[in-house]
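Listed here are the chains, written in short residue letters.
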Amino acid sequence: MNILDFFGQPDCNFIIYASAAVFLIFLLTARIKNMAAGASCHARMNKANFFFLLVYMAAVAAYCILRHVFTIQILAAFMGGIFVFVTLQQIYLMALIGLVKKSVSVTVVEAAEMPEGIEEKELKKKFSGNADAVRLNRLEQMKFLGLAEETQNIFKITGRGKFFNALGNIILKIWGLERL
Amino acid sequence: MNSYFSAVSPLCAIGISVAWFSAGVFVHLIICRIAGTPKYMARGLACGFLLMLCLAVRQICTHTVNIVVLYYVLTLWLAYMMFFVNLMNSVTLKMLDFMAKRGGTLAADDFSQIFGSDSAIVSRLEAIKRNNFLRLENGRLYITTKGRTLVSAVRIIRRITGVTEAG
Chain C
1 MNILDFFGQP DCNFIIYASA AVFLIFLLTA RIKNMAAGAS CHARMNKANF FFLLVYMAAV
61 AAYCILRHVF TIQILAAFMG GIFVFVTLQQ IYLMALIGLV KKSVSVTVVE AAEMPEGIEE
121 KELKKKFSGN ADAVRLNRLE QMKFLGLAEE TQNIFKITGR GKFFNALGNI ILKIWGLERL
Chain V
181 MNSYFSAVSP LCAIGISVAW FSAGVFVHLI ICRIAGTPKY MARGLACGFL LMLCLAVRQI
241 CTHTVNIVVL YYVLTLWLAY MMFFVNLMNS VTLKMLDFMA KRGGTLAADD FSQIFGSDSA
301 IVSRLEAIKR NNFLRLENGR LYITTKGRTL VSAVRIIRRI TGVTEAG
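Going down the list, the sequences are from chains C and V. Here the working numbering is used: the first residue of the first sequence is 1, the next is one more, and so on. Here the working numbering is used: the first residue of the second sequence is 181, the next is one more, and so on.
To be clear, the hints were calculated from the coordinates, so they are not data collected in a lab. Keep in mind the model is a prediction, meaning the values are calculated, not measured. Virtual Cβ for every residue (Gly too), placed ideally from N, Cα, C. There may be inaccurate statements among the hints.
Said to hold, decoys possible - Below, computed lysine to any residue pairings styled on SDA-like, alpha-carbon distance capped at 20 Å:
no., chain 1, residue 1, chain 2, residue 2
1, C, LYS162, V, SER270
2, V, LYS274, C, PRO115
3, C, LYS156, V, LYS274
4, C, LYS173, V, ASP289
5, C, LYS121, V, SER303
6, C, LYS143, V, ASN312
7, C, LYS33, V, ARG338
8, C, LYS102, V, ALA300
9, C, LYS33, V, ARG339
10, C, LYS173, V, ILE214
11, C, LYS143, V, VAL302
12, C, LYS156, V, ASP289
13, V, LYS281, C, ILE170
14, V, LYS219, C, GLY176
15, C, LYS102, V, PRO218
16, C, LYS143, V, ALA215
17, V, LYS309, C, LEU172
18, C, LYS143, V, GLY283
19, C, LYS121, V, GLY319
20, C, LYS121, V, ARG338
21, V, LYS326, C, VAL100
22, V, LYS274, C, SER103
23, C, LYS125, V, VAL302
24, C, LYS102, C, LYS125
25, C, LYS125, V, ARG338
26, C, LYS102, V, GLY319
27, C, LYS124, V, SER303
28, C, LYS162, V, ASP290
29, V, LYS309, C, GLU122
30, C, LYS33, V, LYS309
31, C, LYS47, C, LEU66
32, C, LYS125, V, THR344
33, V, LYS326, C, GLU110
34, C, LYS47, C, GLY98
35, C, LYS173, V, ALA215
Claimed, not checked - With beta-carbon atoms standing in for the labels, derived distance ranges:
no., chain 1, residue 1, chain 2, residue 2, range
36, V, ILE214, C, ALA39, 23 to 33 Å
37, C, LYS162, V, ASP289, 20 to 30 Å
38, C, TYR92, V, CYS192, 44 to 54 Å
39, C, SER40, V, VAL265, 20 to 30 Å
40, V, GLY284, C, LYS33, 37 to 47 Å
The following block holds chain V by itself, in its conformation from the complex:
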């Protein structure tokens, strides 16, 4: 029987992975330049999914499926996404940028102007409601089925991993 799987040398596996990952980054860079920041995360994940799909289809068609190459590319893409998510969302980096733009010196209390306690929770809560994890009725918030599923899944993972403290 003709197998779909194929071995490649370790150097070749690195070369193939870097080439596919670089192609994905190049396409993603063009998409980002055109579309900008809105829905960055969704587009990044879609781009990664398409990259993996193209690689898998190519490997299947040429009977060269290699798990290590697939792992390398997927993981490089996730690391790349995590890098940008941190760069764009990190509170520490935002505070650093805030300080740099105001001459590099600030009192601790001045940070509360932009990183105010209300703005952070309000925007987070809006996103949670928009994504249908909570619903608002007469000023009260109720958990939805989707929210309950999320919480149950998180509790199962906490039990498996042994995480005891949350928040």
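One chain only, chain C, in its complex shape:
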């Protein structure tokens, strides 16, 4: 049995290979076009990834039409292919980029890299401003996501915000966990 014969059906295997191949093309395109550079790389990469996902879906649909293969197994393989494509981006690639780009801990460790080290007070002072910026950024994000509304610097939770907050708290309660 071949390691790459996942499903025992060439058409279904092809759908998974195509998913990995299109993702590889996306990766090469993202690297050549330097999509990870700059401040808004997450939005840019997600947009490009969505475009390549559409290309993949169209290619699989065309393949199925040309070969007249429409079965429940093909549909399951197609769902699997979409899962592979989306998770390679969201679970692996973006987590890696998030770590090397946005991790506060990594930035703090980097700040103390010189042989003479850095004063603890100086380092705290340096990153205090960052925390203020993060707080303001998150307030803006709440507005953008429709979780809160702002009127003259007063923030009010929206119905959507109440719903997501309650949902999050219910899940945490079931698992017996608390916010950190």
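Let chain C serve as the given structure and place chain V on it in line with the hints.
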């Protein structure tokens, strides 16, 4: 030669993956209910590692190793962990909860009471020192070998991925 690898139908692959993932979630739920929040991340990763180990051992013993099934289960588990990490750590969600608990209306400055600039960096710095990435000597912080290895690894990944801005 008897191969360790085996093909399964796409529907069956989804069914097996969901069944293993659900079993892992059920065990993790019980562990969380018993042990609570402390060391949540370490326990979650250990639980995921054991889940993957059990699945791999079973597949090897029954000569049914299937890369797609292993990928599905591993990725579902990582997504599940990321969901909880975000739910527990997200500053946006914490601010939302803070606002909801105070009647749903707050001035922008009121958020600084709980999301103060010092508390965030102090707790992060303590964790960094505790994990031995930095060491404190006479009020100065010095990078350790472990910290230097981390920074070097991050720089290599930045070069490969083309990340130019950090922080």
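Hint-by-hint comparison with the structure:
About 16 Å separates the Cα atoms of LYS162 of chain C and SER270 of chain V, which keeps this hinted pair within 20 Å; it holds. As the CA atoms of LYS274 of chain V and PRO115 of chain C are separated by approximately 38 Å, the hinted pair breaks the 20 Å bound. Taking the CA atoms of LYS156 of chain C and LYS274 of chain V, the gap is about 15 Å. The hint holds against a cut of 20 Å. Between LYS173 of chain C and ASP289 of chain V the alpha-carbon distance is near 29 Å, which puts this suggested pair outside the 20 Å criterion.
Between the alpha carbons of LYS121 of chain C and SER303 of chain V the distance comes to roughly 14 Å, so the proposed pair stays at or under 20 Å and holds. Simply put, LYS143 of chain C and ASN312 of chain V have alpha-carbon atoms about 38 Å apart, too far for the 20 Å limit, and the pair is violated. The hinted pair formed by LYS33 of chain C and ARG338 of chain V meets the criterion: a straight-line CA distance of about 15 Å does not exceed 20 Å. For the given pair, LYS102 of chain C sits about 15 Å from ALA300 of chain V by alpha-carbon distance, which is consistent with the 20 Å threshold.
Between LYS33 of chain C and ARG339 of chain V the alpha-carbon distance is near 14 Å, which keeps this suggested pair within the 20 Å criterion. Of the supplied pair hints, the one linking LYS173 of chain C and ILE214 of chain V holds, its CA atoms being roughly 13 Å apart against a limit of 20 Å. Our distance criterion of 20 Å between C-alpha atoms is broken by LYS143 of chain C and VAL302 of chain V, whose separation comes to about 28 Å. About 13 Å separates the Cα atoms of LYS156 of chain C and ASP289 of chain V, which keeps this hinted pair within 20 Å; it holds.
A C-alpha spacing of about 15 Å is found between LYS281 of chain V and ILE170 of chain C, which places the hinted pair at or below 20 Å, so the restraint holds. Proposed proximity of LYS219 of chain V and GLY176 of chain C is supported: the alpha carbons are some 13 Å apart, at most 20 Å. Restraint check for LYS102 of chain C and PRO218 of chain V: the C-alpha separation of about 25 Å exceeds 20 Å, so the hint is violated. For a cut-off of 20 Å, the pair hint linking LYS143 of chain C to ALA215 of chain V is broken: about 36 Å separates their Cα positions.
Among the hinted pairs, LYS309 of chain V with LEU172 of chain C is inconsistent with the structure: their alpha-carbon atoms are about 29 Å apart, more than 20 Å. Note on LYS143 of chain C and GLY283 of chain V: the hinted pairing holds, with a Cα-Cα distance of about 18 Å set against a maximum of 20 Å. Annotation: proposed proximity of LYS121 of chain C to GLY319 of chain V holds, straight-line Cα distance about 8 Å (limit 20 Å). Proposed proximity of LYS121 of chain C and ARG338 of chain V is contradicted: the alpha carbons are some 29 Å apart, above 20 Å.
Distance hint between LYS326 of chain V and VAL100 of chain C is fulfilled; the C-alpha atoms sit about 16 Å from each other, no more than 20 Å. Proposed proximity of LYS274 of chain V and SER103 of chain C is supported: the alpha carbons are some 18 Å apart, at most 20 Å. A distance of roughly 10 Å separates the Cα atoms of LYS125 of chain C and VAL302 of chain V; the hinted pair therefore holds under the 20 Å criterion. Between the alpha carbons of LYS102 of chain C and LYS125 of chain C the distance comes to roughly 19 Å, so the proposed pair stays at or under 20 Å and holds.
Between LYS125 of chain C and ARG338 of chain V, the direct Cα distance comes to roughly 26 Å. Violation of the 20 Å bound is thereby established for this hinted pair. The hinted pair formed by LYS102 of chain C and GLY319 of chain V fails the criterion: a straight-line CA distance of about 27 Å is larger than 20 Å. Our distance criterion of 20 Å between C-alpha atoms is met by LYS124 of chain C and SER303 of chain V, whose separation comes to about 11 Å. A C-alpha spacing of about 19 Å is found between LYS162 of chain C and ASP290 of chain V, which places the hinted pair at or below 20 Å, so the restraint holds.
For the hint pairing LYS309 of chain V with GLU122 of chain C, the CA-to-CA distance comes to about 16 Å; that is within 20 Å, so the pair holds. Note on LYS33 of chain C and LYS309 of chain V: the hinted pairing is violated, with a Cα-Cα distance of about 38 Å set against a maximum of 20 Å. Taking the CA atoms of LYS47 of chain C and LEU66 of chain C, the gap is near 29 Å; set against the 20 Å cutoff, the hint is violated. As the CA atoms of LYS125 of chain C and THR344 of chain V are separated by approximately 24 Å, the hinted pair breaks the 20 Å bound.
This hinted pair checks out: LYS326 of chain V and GLU110 of chain C have alpha carbons roughly 12 Å apart, not beyond 20 Å. Restraint check: the Cα-Cα separation between LYS47 of chain C and GLY98 of chain C comes to about 16 Å, which is no more than 20 Å; the hinted pair holds. At most 20 Å may separate the alpha-carbon atoms for a hinted pair to count; LYS173 of chain C and ALA215 of chain V meet this at roughly 13 Å. One distance hint, 23 to 33 Å for the beta-carbon pair ILE214 of chain V and ALA39 of chain C, is violated here, with the actual separation near 43 Å.
LYS162 of chain C and ASP289 of chain V have their C-beta atoms about 22 Å apart, which keeps the hinted 20 to 30 Å range intact. Checked against the hint of 44 to 54 Å, the C-beta distance between TYR92 of chain C and CYS192 of chain V comes to roughly 25 Å, which is inconsistent with it. The hint said 20 to 30 Å for the Cβ distance between SER40 of chain C and VAL265 of chain V, and at roughly 23 Å that hint holds. For GLY284 of chain V and LYS33 of chain C, the Cβ-Cβ distance of about 44 Å falls inside the hinted range of 37 to 47 Å, so the restraint holds.
Violated hints for the displayed structure, listed by number in ascending order: 2, 4, 6, 11, 15, 16, 17, 20, 25, 26, 30, 31, 32, 36, 38.
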